[in-house]
Amino acid sequence: MFIEISELNTVAAEYKVEEITDYDSSIAQQCILAAVKRVRRLLSGRYDVDAIFSTTGEERDAELVEICKNIALWFLIRRCNVDILYNRVKETYDRDMAYLRELKEGSIPSDLPLRETDGQPVSMLRAGSNRKFSHSW
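Residue numbering for the sequence shown follows the numbering used here, starting at 922 and increasing by one per position.
It is worth saying that the hints were derived from the structure and are not from the lab. Since the model is a prediction, treat every value here as computed from it, not as a measurement. Don't take every hint at face value.
To be verified - Below 25 angstroms or equal to it, Euclidean Cα-Cα: the simulated BS3-like pairs (lysine-lysine) are:
(1) Lys-958 x Lys-1025
(2) Lys-937 x Lys-1011
(3) Lys-1025 x Lys-1011
(4) Lys-937 x Lys-958
(5) Lys-958 x Lys-1011
Model the full assembly from the supplied sequences, consistent with the hints where possible.
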């Protein structure tokens, strides 16, 4: 497992997580799985998500771990908001999702392993044209 329930204590106090989940660890586990799945799906086009999410302990990318925990907390507070500032969690969720989109597009440099085919990195094909130009007269 990429993230354990006990690691959520960096984004919410343990008693808050226990109250939201009614002391049922399977609820927190499901939220963690959904968060990891969402991040996997966003990064799967450019990065080797199997290599990224198979790491454990200190080998994991710390920033990605925190993003997954923030998204898991977002899924948890939909169930019940026990003494957690909703706006702060929503802003963190929105910021993390924007960051993941930029990471997916390659706008932000990363040391995450790229997806490969036959030993060559898979590139993202971009096609397009210039914006339409119109005169002011």
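Please list, smallest to largest, the hint numbers that this structure does not respect. none
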